[in-house]
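Engineer: Here's the letter readout for the chains.
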Amino acid sequence: MTRWFMILFAVLAFLSVSAPVPKAFAEEEPKAPPVLKPKKAGVESRLENVKRLLEVSSGADRVKASGNADAIAKREEAIAAMVLAEESFKSKDYKESNEFLGQATTLMFEAVRMVGTGNVSKEKKLDDYNRRAASVNILLEALERISTEKKSGREVETQKDAIEAKVALSKTLLEEEKIEEARRELDEAYELVKVSIEELRGGDTLIRSLEFATKEEEYDYEIDRNDTHRMLIDVLLKEKRKTESIDNMVSKFVTQSESLRKEAEAQAAKGDYETAIATLDRSTKELVRAIRSAGVYIPG
Amino acid sequence: MSMKMRALRIMLMIMLATLYGLSGVGDLARAEAEDSTPQIQRAAKVNTFNRLLKPPSERNLPPAEDGIHDPTSEGTYLLQSPREAFDSLPKSNSGNRVDWVKALEEKYIEPRFDRFDPEKKPMVFDLNIVREVKGSMPDVVYPHKQHTEWLDCSNCHPAIFIPQKGANQISMASILMGEMCGVCHGKVAFPVSECRKCHSQNKTAEAKN
Amino acid sequence: MWHRKVRTVALCAAFVSLLTTLVATGAHAEYGDVVINNYSDTAGMRPVVFPHWFHRVRFRCKVCHADIGFQFKAGGNDITMLKIIDGEFCGACHNGDIAWPVENCALCHSAPPGTPTQVHESTLQKLVSPDSSEPVSTKKPAEPAAATTSEK
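Here the protein sequences line up with chains A, B and C, keeping their order. All you need for this note's numbering is the position in the first sequence, starting with 1, plus 12. All you need for this note's numbering is the position in the second sequence, starting with 1, plus 4. All you need for this note's numbering is the position in the third sequence, starting with 1, plus 1164.
There's no promise every hint is true.
[Stated by the list, open to error] In the EDC-like style, the derived pairs of lysine to aspartate or glutamate whose C-alpha atoms are separated by at most 16 Å in a straight line are:
| # | chain 1 | residue 1 | chain 2 | residue 2 |
| --- | --- | --- | --- | --- |
| 1 | B | K138 | A | E223 |
| 2 | B | K124 | A | E203 |
| 3 | B | K125 | C | D1231 |
| 4 | B | K138 | A | D236 |
| 5 | A | K206 | A | D173 |
| 6 | A | K52 | A | D140 |
| 7 | B | K138 | A | D239 |
| 8 | A | K134 | A | E187 |
| 9 | B | K169 | A | E161 |
| 10 | C | K1247 | A | D139 |
| 11 | C | K1247 | A | D140 |
| 12 | C | K1247 | A | E122 |
| 13 | C | K1237 | B | E183 |
| 14 | B | K169 | A | E153 |
| 15 | A | K172 | A | D139 |
| 16 | B | K169 | A | E223 |
| 17 | B | K125 | A | E203 |
| 18 | B | K111 | B | E123 |
| 19 | A | K137 | C | D1231 |
| 20 | B | K95 | B | E110 |
| 21 | B | K138 | A | D293 |
| 22 | B | K138 | A | D232 |
| 23 | B | K138 | A | E229 |
| 24 | A | K172 | A | E211 |
| 25 | A | K206 | B | D91 |
| 26 | A | K134 | C | D1250 |
| 27 | A | K162 | A | E210 |
| 28 | B | K149 | A | E210 |
| 29 | B | K111 | B | D91 |
| 30 | B | K58 | A | E251 |
| 31 | A | K227 | A | E187 |
| 32 | A | K136 | C | D1250 |
| 33 | B | K138 | A | E230 |
| 34 | B | K149 | A | D216 |
| 35 | B | K124 | C | D1231 |
| 36 | A | K137 | A | D199 |
| 37 | A | K136 | C | D1242 |
| 38 | A | K63 | C | D1250 |
Derived from the structure by calculation, the hints contain no laboratory data. Source: prediction; values computed, not measured.
Only chain A is shown next, with the shape it has when bound in the complex (with noise of 0.2 Å):
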């Protein structure tokens, strides 16, 4: 009886070593090498696309169209690279047309390079330009704001000084198109004031207390809140309620939830926002109950 057991242990733990070993447990494996040897599929689409970008592509377009003798000429050495990977490929080595079509590529690239503008574009420049100009400008308010709270003192109105000057010389640069000099001015007071904002702010914690103006603004408030938890519903339950139990009860919650949404909207018609406010919170709490129920455990 013992060997029996020993003989089965033994052909058991073989078999579990032989078999596929579970992705789970096999996390200390080291993954094997990319496949290097060029596989039939995989260079008859590369063929494809290269030949997509030598005929057809944007890059392709550029170069048909610029009447530059030299990129025309490397992109006909492009062709000729081509033609021999497609050679390669007939006669089925694929590791030599794998080659070719690396060497097509990169003559076809710099083809599509020598006449390029090898530059970002104007438009470009512009936009970035004008995003970091907003971002001064806001953080430039901010500290003005910082500083009256603060009482800063002259310190702080010298360097304000130095950051606004820059930022008009960068104007004026930008006005005379010497657009890289006008972004190095900027950037330098995009420094300045982030710095400046640094040394004020730096440490400090702000509270923004909830406060609510009228009965309408706090009714608003809780639309938000309830159209969260409806949300989170969706977000968070998706996977769970494909079990039916599940479902089951959320779906009653969310019922009950929505049937006060609507007494809610009904109330906030006619005006009377207190008790609206009331109801929407009870439907609200519906969903946290729908969220709970199936093992979710938010917050509120």
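Following the hints, put chains B and C in place on chain A, whose structure we already have.
Structural biologist: Positioned in the frame of chain A, the structure of chains B and C alone reads:
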């Protein structure tokens, strides 16, 4: 049939099954062996462990298996596997299952702050904004500190938030729809299901009433 | 007593080998993976997959989103190959200097054809798509996990 013969027969069949790569022969052998391993197969089929939780084996899959990279493309096999990259990083329970903030704080990763200059350091800004919310839901604490480790002021100001008290009406519903904090949280920064990472300041007893 | 011990070990071994056949093979990409398919499908190229996780290990968000000028919106940057070659967007690093050059088409153009622009696993995707457990890819539907098929 003697016990010994029977054991030998089962053993032989299981070995054969292994050779056939756990094909039908294996099932037969196991059916025979059922009296020594009762009910395992039946029970396991319906009651898999943690059936509603994505098992660790399905997280951070290599590109060829992740469903978003084309397994027929040669480039897919040259890309790094997230599991390999995340192995040494601190873990979290959501998103990439990496605690990115901790990974940066404790220098498990050293991402550049400037693409040309690996030495350039961010100007970290330590300002907390506390936003009170209604009821017993904990208040929100927004720490500039952790955010300025990754980002620059200009990323958020003024395109997403006006840096002025009272100027930003925040709506949790629009965050879920990908606006305000939701521009990053719920897309790439930790997801919004992590309520307590933002709603982190419990109300004092008097505030609750 | 000894028999029972061996038996327990044998049972464990058997369980391990059984698990093999039960491991579910769902398809799940990384949180934050962005698919960009503004022009790829029309150009006959595979759509681009941008792995956020890979890049944030190496760069802070600010490098791409402030210095290089990527807007925080999947598909909202109007990226083209020509712009990249001229050094805009991806081309600010993928120039053979900071990172490998764009000649390596298949490293970025790696999604199954027809995959729509998206941020994978985003909250919005969960709110909008009919079933978040399935990838939005049209070409390669996920194999439903063994665990969930038995729920029907």
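Engineer: Are the hints correct? Go through all of them and say.
Structural biologist: Structure-based check of each hint:
1. With a C-alpha separation of about 10 Å, the suggested pair K138 (chain B) and E223 (chain A) falls inside the 16 Å cut-off, and the hint holds.
2. Restraint check for K124 (chain B) and E203 (chain A): satisfied, since their Cα atoms lie roughly 13 Å apart, inside the 16 Å limit.
3. Our distance criterion of 16 Å between C-alpha atoms is met by K125 (chain B) and D1231 (chain C), whose separation comes to about 14 Å.
4. Of the supplied pair hints, the one linking K138 (chain B) and D236 (chain A) holds, its CA atoms being roughly 12 Å apart against a limit of 16 Å.
5. Using a Cα cut-off of 16 Å, the hinted pair K206 (chain A) and D173 (chain A) holds, with the two alpha carbons roughly 14 Å apart.
6. With a CA separation close to 45 Å, the supplied pair K52 (chain A) and D140 (chain A) exceeds the 16 Å bound.
7. As the CA atoms of K138 (chain B) and D239 (chain A) are separated by approximately 15 Å, the hinted pair is consistent with the 16 Å bound.
8. For the hint pairing K134 (chain A) with E187 (chain A), the CA-to-CA distance comes to about 14 Å; that is within 16 Å, so the pair holds.
9. Using a Cα cut-off of 16 Å, the hinted pair K169 (chain B) and E161 (chain A) holds, with the two alpha carbons roughly 12 Å apart.
10. The hinted pair formed by K1247 (chain C) and D139 (chain A) meets the criterion: a straight-line CA distance of about 15 Å does not exceed 16 Å.
11. For the hint linking K1247 (chain C) to D140 (chain A), the alpha-carbon distance of about 15 Å falls within 16 Å, and the restraint holds.
12. Taking the CA atoms of K1247 (chain C) and E122 (chain A), the gap is about 15 Å. The hint holds against a cut of 16 Å.
13. The suggested pairing of K1237 (chain C) with E183 (chain B) holds, with an alpha-carbon distance near 10 Å, which does not exceed 16 Å.
14. Note on K169 (chain B) and E153 (chain A): the hinted pairing holds, with a Cα-Cα distance of about 12 Å set against a maximum of 16 Å.
15. At roughly 25 Å between alpha-carbon atoms, K172 (chain A) and D139 (chain A) are farther apart than 16 Å, so this suggested pair is violated.
16. With a CA separation close to 13 Å, the supplied pair K169 (chain B) and E223 (chain A) stays within the 16 Å bound.
17. The hinted pair formed by K125 (chain B) and E203 (chain A) meets the criterion: a straight-line CA distance of about 13 Å does not exceed 16 Å.
18. Using a Cα cut-off of 16 Å, the hinted pair K111 (chain B) and E123 (chain B) holds, with the two alpha carbons roughly 14 Å apart.
19. A distance of roughly 11 Å separates the Cα atoms of K137 (chain A) and D1231 (chain C); the hinted pair therefore holds under the 16 Å criterion.
20. With a CA separation close to 13 Å, the supplied pair K95 (chain B) and E110 (chain B) stays within the 16 Å bound.
21. For a cut-off of 16 Å, the pair hint linking K138 (chain B) to D293 (chain A) stands: about 11 Å separates their Cα positions.
22. Restraint check: the Cα-Cα separation between K138 (chain B) and D232 (chain A) comes to about 13 Å, which is no more than 16 Å; the hinted pair holds.
23. At most 16 Å may separate the alpha-carbon atoms for a hinted pair to count; K138 (chain B) and E229 (chain A) meet this at roughly 13 Å.
24. Restraint check for K172 (chain A) and E211 (chain A): the C-alpha separation of about 13 Å stays at or below 16 Å, so the hint holds.
25. About 36 Å separates the Cα atoms of K206 (chain A) and D91 (chain B), which puts this hinted pair outside 16 Å; it is violated.
26. With a CA separation close to 12 Å, the supplied pair K134 (chain A) and D1250 (chain C) stays within the 16 Å bound.
27. The hinted pair formed by K162 (chain A) and E210 (chain A) meets the criterion: a straight-line CA distance of about 13 Å does not exceed 16 Å.
28. Of the supplied pair hints, the one linking K149 (chain B) and E210 (chain A) holds, its CA atoms being roughly 11 Å apart against a limit of 16 Å.
29. For the suggested pair K111 (chain B) and D91 (chain B), the alpha carbons sit about 15 Å apart, so the restraint of at most 16 Å is met.
30. Annotation: proposed proximity of K58 (chain B) to E251 (chain A) holds, straight-line Cα distance about 10 Å (limit 16 Å).
31. For the suggested pair K227 (chain A) and E187 (chain A), the alpha carbons sit about 51 Å apart, so the restraint of at most 16 Å is broken.
32. Note on K136 (chain A) and D1250 (chain C): the hinted pairing holds, with a Cα-Cα distance of about 12 Å set against a maximum of 16 Å.
33. With a CA separation close to 10 Å, the supplied pair K138 (chain B) and E230 (chain A) stays within the 16 Å bound.
34. This hinted pair checks out: K149 (chain B) and D216 (chain A) have alpha carbons roughly 11 Å apart, not beyond 16 Å.
35. Of the supplied pair hints, the one linking K124 (chain B) and D1231 (chain C) holds, its CA atoms being roughly 13 Å apart against a limit of 16 Å.
36. About 13 Å separates the Cα atoms of K137 (chain A) and D199 (chain A), which keeps this hinted pair within 16 Å; it holds.
37. Using a Cα cut-off of 16 Å, the hinted pair K136 (chain A) and D1242 (chain C) holds, with the two alpha carbons roughly 11 Å apart.
38. Taking the CA atoms of K63 (chain A) and D1250 (chain C), the gap is about 22 Å. The hint is violated against a cut of 16 Å.
In summary, the numbered hints that this structure violates are 6, 15, 25, 31 and 38.
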